[in-house]
Amino acid sequence: MATKTGAKYKKMTMSPKEYQTYAKNREPSRSIFGNCVRAFLVGGLICLLGQVIQDFFVYAFQMSKTEASNPTVAVLILISIVLTCLGVYDKIAQWAGAGTAVPVTGFANSMCSAALEHRSEGLVLGVGGNMFKLAGSVIVFGAVAAFFVGIVYMVLGVEGH
Amino acid sequence: MLQGKQTWWFDKKPVIIGSATVVGPDEGDGPLASDFDLVHPELDMQQKSWEKAERLLLEQASDFALKHARVNKQQLQFYVGGDLMNQIISNSFAARTIGAPYLGVFGACSTSMESLAIASLIVNSGSGEYVLAGTCSHNCTAEKQFRYPTEYGSQKPPTAQYTVTGAGAAVLAAEGVGPVVTSATIGKIVDLGIKDPFNMGAAMAPAAVDTIQAHFNDTGREPKDYDLIVTGDLASVGHEIAKDLLTRDGVPMEDTVFKDCGLMVYDVGRQKVQAGGSGCGCSAVVTYGHLLKRMRQGEFKRILVVATGALLSPLSYQQGESIPCIAHAVSIESQH
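Top line first, the protein sequences correspond to chains A and B.
Mind the numbering: the first sequence is residues 1 to 161 in the working numbering, read in order.
Mind the numbering: the second sequence is residues 1001 to 1336 in the working numbering, read in order.
Just chain A, same shape as in the assembly (with noise of 0.2 Å):
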């Protein structure tokens, strides 16, 4: 048995703010570029898939633009909730960042991965009270900053259509 004792080493001697820039250098640097790329590339090609679609109903069921814009967003998030239901669409995020982020796609993502998460704490208080659970505060700042921007319309005299 050990029986010499006494402290032989010091303890830290850095400062919480010293070590917060320390560790903070310490952090594999991560390049802005490169998530730029991929993140234009994903997006570029999700909206590119949206253009082709809606092409396919203004062709295949003579539909004008107007109206082949809302079947081509139900195709689009039908396509991501297949995606996170097959457990590929987070995979796919990791690597794209900020591209399939993008409104339709991320928001069925949000609303899908919520729901099926919370499967198992029952459809009502599971499913129903945590599916907006992240995809909440886009409706409700999207009605706040909708709210602003009617205000501003209003007071500029625009009219809004």
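Hints are computed from structural coordinates only; laboratory data are not their basis.
Treat the hints with caution; some may be incorrect.
Below, a list of computed lysine-lysine pairs in the BS3-like style, where the Cα atoms sit at most 30 Å apart [to be verified]:
(1) B:LYS1224 <-> B:LYS1195
(2) B:LYS1195 <-> B:LYS1301
(3) A:LYS8 <-> B:LYS1259
(4) B:LYS1048 <-> A:LYS8
(5) B:LYS1188 <-> B:LYS1224
(6) B:LYS1243 <-> A:LYS133
(7) B:LYS1272 <-> A:LYS11
Per the computed footprint, the stretches of chain A lying under chain B, defined by three or more beta-carbons under 8 Å from a beta-carbon of chain B, are [claimed, not checked]:
(8) 19-28
(9) 84-90
(10) 99-107
(11) 114-123
Computed, partial: chain B to chain A, Cβ under 8 Å [to be verified]:
(12) GLU1151
(13) TYR1152
(14) GLY1153
(15) SER1154
(16) PRO1158
(17) ALA1173
(18) ALA1174
(19) ILE1189
(20) ILE1194
(21) PRO1197
(22) VAL1237
Idealized CB from N, CA, C, for every residue including glycine.
Since the structure of chain A is provided, determine the placement of chain B on it from the hints.
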């Protein structure tokens, strides 16, 4: 008995007469796969919820540990365990199955060594003959509780860590054959103001350093007295910081082998785990699976396991609080 300021010296040398580990698919795909008793090929383990899957891991690990120790449930006097879930449900529910008198503990990812230290203390003081210590974590329950839904598409930074799906359990006894627990240094909270829950390695490193130094100060031992010193789950960022801090403080860590369970459990370069593994299961499966097996084979004579824990909750970090961290060190030696 108390040695120095914060170390328990176990003069009766409680014996780990049996230990076991059960893991999920990613750990089974890692470099330590052959050291685990059971590898589940699926994350859900045919259970209805992630929480049930996590509980199953622990129930299976304790079953295997008891079997290896040749101790039946009636002989088991106490069970000490904890996990990451709110109200440590995985352990409390598993303790219902185990049926032994139960002490639930929480030390986040340091729970593995916290429960082992307490179980050793019980055996050393003669308060129990057979005591089980266990802990578990599941990647999906941790994601769900601490981060986002598992299928939510968000990009994790390279400092983030991947929660280990796995459980480890060990049976301690007053007498028997196996590695012995000789001391435990109980850590204190160290908080240097890191707030980023995606950089827990950096938050926990000073706690590990504090406990390692306290262990050497209390016991009079030196790094060279250990064949191996492992930290629990500092991963690539935190482990490098810990190495640096120990060097700055003049601790001769070059005299020993200094590793991290979070870097051992996965092939960090190949598997997509960012900085490395974390979670209660991380140090538990590496210690109870890999390290104890190596000790029984005579590869290591004396090791020090320093399990690290980030004691945050989703509530505390959303309110802008920093992350209080802790580390508990347990020294394990072979009998020969």
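Verification of the supplied hints:
1. B:LYS1224 <-> B:LYS1195: Violated, because 35 Å separates the two Cα atoms, which is more than 30 Å.
2. B:LYS1195 <-> B:LYS1301: This hinted pair is violated, its Cα atoms lying about 38 Å apart.
3. A:LYS8 <-> B:LYS1259: holds (23 Å)
4. B:LYS1048 <-> A:LYS8: Violated, at roughly 53 Å.
5. B:LYS1188 <-> B:LYS1224: Cα-Cα ~24 Å, so holds.
6. B:LYS1243 <-> A:LYS133: violated (40 Å)
7. B:LYS1272 <-> A:LYS11: violated (35 Å)
8. 19-28: holds (count 7)
9. 84-90: Holds: 5 residues of the stretch 84-90 of chain A have a Cβ under 8 Å from chain B.
10. 99-107: holds (count 3)
11. 114-123: holds (count 5)
12. GLU1151: holds (4 Å)
13. TYR1152: holds (4 Å)
14. GLY1153: holds (3 Å)
15. SER1154: Check passed: Cβ of B:SER1154 comes within 6 Å of chain A, closer than 8 Å.
16. PRO1158: Nearest chain A Cβ about 4 Å off; hint holds.
17. ALA1173: violated (21 Å)
18. ALA1174: violated (18 Å)
19. ILE1189: violated (13 Å)
20. ILE1194: holds (6 Å)
21. PRO1197: violated (14 Å)
22. VAL1237: At about 6 Å, which falls below the 8 Å cut-off, the nearest Cβ of chain A leaves the hint on B:VAL1237 intact, so it holds.
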